[in-house]
Each structure stands twice: as structure tokens, then as C-alpha cells.
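**Q** Here's the letter readout for the chains.
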Amino acid sequence: MKSQKRSSILRTTKKIGDLIMEYFTKAWDRKNEGKPIAWVTVFTPIELLYALDITPVAPEHFAAMCSARGLILDFLEKAEKNGYSQTLCSYSRCGLGYALSGAAGFMPPPDLLLTFRNSCDVYVKWWQSLAMHLKAPLFIGEAPYVLSEEDLDGYALDFTVNQLEQLIKFAEEKFKVKFDMENLVKRVELSDIASELWLKILNLRRVKPCPLGGRDSASDIFPLVVLQGTDDAVNFYRELLAEVNEKVRKHEGIIENERFRLAFDGIWIWHAFDMIKYFEERGAVFVYEPYSEAWAYRLDKSKPLESIARKILAMGLNIDIDLRIKNFMDRIKKYDVDGAIIFSNRSCKTWSAPQIVTAEILNKELNVPYLIIEADMADPRQYAKAQIENRIDAFLETLEER
Amino acid sequence: MYLGIDAGASATKAVLIDESGRIISYAIVPSGIDFMEASRKALEKALSLHNLDLNDLKYSVATGYGRKLIKADSISTEILCIARAAYKLYPSVRTIIDVGGQDSKAIRIDKHGKVTNFVMNDKCAAGTGRFLEVMSNIIGVKIDELSALHFKSTSPVKITSTCTVFAESEVVSYLSQGYKIEDIIAGLHNAIADRIYLLASTIGFEKEVLFTGGVAKNKGFVKSLSQKIGIKPILPEEPQIICAYGAALTAKSKVSTRNCQGN
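Order-wise, the sequence lines are chains A and B.
Just so you know, we're using our numbering here: the first sequence kicks off at 11 and counts up by one.
Just so you know, we're using our numbering here: the second sequence kicks off at 41 and counts up by one.
These aren't lab readings, by the way, just hints derived from the structure by calculation.
Each hint should be verified, as a subset may be incorrect.
[Unchecked claim] Now the in silico label distances, taken between C-beta atoms and shown as ranges:
id	chain 1	residue 1	chain 2	residue 2	range
1	A	157	B	131	43 to 51 Å
2	B	130	A	374	23 to 31 Å
3	A	391	B	72	48 to 56 Å
4	A	363	B	164	18 to 26 Å
5	B	200	A	38	50 to 58 Å
6	B	164	A	28	34 to 42 Å
7	A	96	B	266	32 to 40 Å
The beta carbon of each residue, even a glycine, is placed where N, CA and C say it ideally should be.
Take the sequences, apply the hints, and build the full model.
**A** Structure representation (C-alpha cells):
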């Protein structure tokens, strides 16, 4: 196996670190001005929060960032020392550990704890525990499970719109803010532009050689998660699209000598970006991840609340498993994927549960080989580097032999 | 003469083959903590057993857990080496189950010997040779006595925990309750067989099935696993050297490819 090829990340991706710092600085500025801060789970209506002049920060995003920067262990251990089990989701342990450590770091303490019951099994109990530790008011939104495309209209949609209206009422009463439809329309428009730009960028990964790799997509997703509805997100994706277009024009791949095009199923393993690099140095590039598409959703500014409600409903983990698998297989073909890396995540059973079915279909129907990697998305103590690299070697060798 | 060397987590195996792919000599030594030293010893032993000359060695391939830490002309992974050896020795084999010191794996190959799928145990030691080493220490028997004792068992105990650490306490508890050692051993073999069965089921069993790896030398365990999967497996005479043999075949094919390119 030839190794040690050039591997890099995009110029624009390198700006993400500063953008994150700026975002947290702004959040603290708002807090100090007496404006409300909401701790949100990542599939909540953040466009609506911005329209209500409430600043969202997301403990899941914070945990991913801490894990990537090697800062997470203090928070995990803090939660564990307080009795939270190591078998709990690592994002939740990080968020709880941060709360128990005084919530005085990057994320300002919350004035509102907002979650939607639309994707994750842990959210509600996690948010209830946070509410207990931080003494902040809690709003739990509900969203029905989507079994078919039709569910995105009709009663499920009406129900979810009603949840959003209740949230508006709750915020207006609690924080003495006034909901402004015009502002929301503007936020929805900005969010839609950012999603459109990002989807264009992802689509360019179909080009060979692929212009944007896994380390880029893993980092570049962040504005879509917490800055949807802001100019900052739109500006970032405009710049990124320009750079990706430039690479496509020059026929320049993100790695040298692209040999294998891979898909990655799962949340990224935030503490193991080295693993992505390990693939890249061996000529394997990630061209598709369902994760990267998770927050890209087109919104219609003429129907702002309905659009947002639909986005909450259509979130990848809130739709039927058959639909999820169908989407995945469509992309495998569209992106001309040679092999799939399936990350079985100790923390996220909602994501990992159907993976064996996915793997079987990949292998039998599409003749695409897969490799299952077991680890935890944020807890570095659950990662066996030598064994994982051993499997990667074997997997790439079998791809080579095909 | 070609050399395949498998630097495994518990043993290092060296296999020497001739131009026809026939095994001329082999040796198995404990890996210890120094793979380099172990591989040197294994090679020396294999050479001296049949008075072979190192100067006749044309090419060597290293495989196994420590493959990057030893000296060889190139490296290959266990998956490919095992598949290559299986195809050469038993062309009708479609599924291979390999249980080694630190990993267990299942490999599916097609009629051309190409790997179509494989699966390895997660980073937990349950379902590997290491599990048996730990347990035999607690019970106080040698690892190579496990097999004979297994066949004395009349009613195996049920080990429910899949974790080595928890299974250890189960074994201690059975011992203190006065259960027979042979019944505990058969219970342990069944527990690993269950674990490996689950692992391999994700890629499915297709006949013929081949068992390889050091743990396949334990006939008691082989019986447990055969019963569990319901297929009588093919068992090589020396299952522990199959992977190293595959590495030697790889070495031979590297040289013939090189010669072809040269012409």
C-alpha cells in the first residue's frame, strides 16, 4: 500500500476556528447586554430564535468542538464524578459536565433550555437535568415521527407549526420580546440561501477528483448548525463555494491521486480527524456523508413557519428507516462511491441501530464494500487507534484487489 | 524461497515456501514485547530446522498486528493473507473464521479467492485467545490443557457476561460454588463461540467454512463453535500458521509480478 500522499484542507475551512470564536464572543456580548441566551439541541428552530433576538448556543456543537480540540475530558469526568454513567451519550456528559463546572467557558449560561423531541432519545432527560442544574426554564417541543413524504404535510405539519407558535408565545411572555414576522422572513431567506450554497458545494464533490474532503465537510458544517439565518453563515458558504469552484476549474482534488471514493455513515469522530487523514494519505477521499446533508434544508420565505416546521420534521433521524436507507443508497450511486465506512457509535444508538441493514443492502444490492468502525464520537477514551488503522489497511487492501 | 512472517499479538509465525508454494519449514515463537526480536527468532528457527540458507530468500512479506515493526520487503494485512492461503489450500472455502490472540475475524471470499467482506471483533478482548488466557490463569490450568478438559465436561456452565472482566467474576463465583473445572471450561468455550457466531453472522456463513488462528488448535473450542454455527468446518493441520503462509504466497506473487513486468 502506497502511503504518505499530500493531504490538506481548504483555505476557507481554516477560517472556521476564528468564526467559532467570534460566534461565542458575540454570544457573551449579548449575554452581557442582558439579552437572552438559549441552549438548544441541534434540530430546533434557530432561525426563529434569531428573529426573537434570542441567541442560540448548542451543547452538542460545543462537545464536538471540545472533543476535536482535546478539551473534553475535564467535562466528561466532571459529569462522571457527579454520577452520570459512562454509558450515557458523550455529548450529554460533556454538556452536563460543563453545567456542573459553572458554565463559564465558551457558552454563556442559558436563560432558556430549548429542545425538540425529533431525533434523539436522550434530549428530553438531558435537558431536564440541565434545567435542574442551571435553574433555567425549559421548553420541550414535540414533532411526530415521519413515516412517509406525505407526513410532511397535513396533521404533522399543523401540529409542529402549533408547537412553534407556542414557543413564540412562551418567549414573548418570558423575555418581553416582540415577535416580528418581517424579521423571521429575513432569517428564513438567509437560512435558505446558506442551505442552497452548501448543497451546491456538496454536489461538486461528485466531480473527480473530489475538491472537498472529510475534514472540510466536518468543519464547514458548523455555520449551518448554529448560525442559520445570519449573514455570517451566508458569507462563509459564498466564500467556500468560490474556492471549491476554483478547484473544480483547475481539476484539483483535495488529495493527490484520488484512488478510492468513500462514504462515511455517522456523526464524525471528532477526536480522530487523524483517521480521516490516514485515509487521505492512502489515496482514499470522503465524498459523501449523510451527516453533511443533515442541516441543509431549503426554506420558503413565503411560508416561514411552515418551512421551519417541515425542516424540524424532515430531520434525518426523525424519518422512517426505509426512507433513510433509500436516501443513502441514492447518494452512493450519485457520488460514485467505492466503499463505505460505517461508524457504529457508542453514544448514538438512534443513528447506529439500522446500520447493519444498511451494510447488507450496500453489499448485496450495490456490491459496495463497507467497513464498520466502533468508537465514540466525542469520548476519546473509547478509541483503539492501532486496531482501527489495522482494519482500515485491510479494507483499503481489499478495495485495491477488486 | 519466500518468507511470510505473521507478527501476532501473542505469537510470531514464520513460514518458508518454495517456488511451487509448498511449505518447506515453519516456526512459531512467543511475540513477547519485541516484535523485531521475535521475528528474527522465528526465522532463525525455521531456517535451522531444515538447514536452509538465508541467502536463498528472494522476498519476504510481513503481516499481523506488529507487521509495521519488523523487517520485511513489504507488508500486507492478515485479511488478505488468510484469504490467499485459504484459497490456495482449500479452493472451495467461502467463509473463514480466524481466532487469534487479540482479534477474531470472519472473512468471506468468492470463487476466485477475492475478499468480498470481512468483520473483526471490536476492541474488547472477549471472543479472542486473550480471553482464554485470562480465564485459564484464574482456573489454574495451562492453556493447552483446556481442550482435553473440555471433553470431560458433562454439563457446561452458562457464562452470561460478554465482558472479560465480568466473565472473570462469573468464573470465580462458579469455582467457589464448587462447579467442576471441565464444566467451567466448556462454558467458556461456548461463550466465545457465541460471541464469534454473532460477529460472523453479520456477514453470514457460506460453505465451506475454514477455521484458522491459534485458538483453532483448541479442539474443545472448535467443537463449541461447530455446534453453534451448525456447519462442520475444515480444520488445517496447523491452523496457527495459515496467515503467515498467506504472507509467503504474497511474497512469491510479488516476485512473479515483478518478473513479468521486467520482461
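**Q** Hint by hint, note whether the structure agrees.
**A** Outcome of the hint check:
1. Judged by the Cβ atoms, the range 43 to 51 Å given for residue 157/A and residue 131/B holds: they are separated by roughly 48 Å.
2. At about 25 Å, the CB distance of residue 130/B to residue 374/A agrees with the hint of 23 to 31 Å.
3. At roughly 27 Å, the beta carbons of residue 391/A and residue 72/B sit outside the given window of 48 to 56 Å.
4. At about 20 Å, the CB distance of residue 363/A to residue 164/B agrees with the hint of 18 to 26 Å.
5. Separation of residue 200/B from residue 38/A is about 51 Å and conforms to the stated range, judged on CB atoms against 50 to 58 Å.
6. At roughly 41 Å, the beta-carbon separation of residue 164/B and residue 28/A lies within the given 34 to 42 Å, and the hint holds.
7. One distance hint, 32 to 40 Å for the beta-carbon pair residue 96/A and residue 266/B, holds here, with the actual separation near 37 Å.
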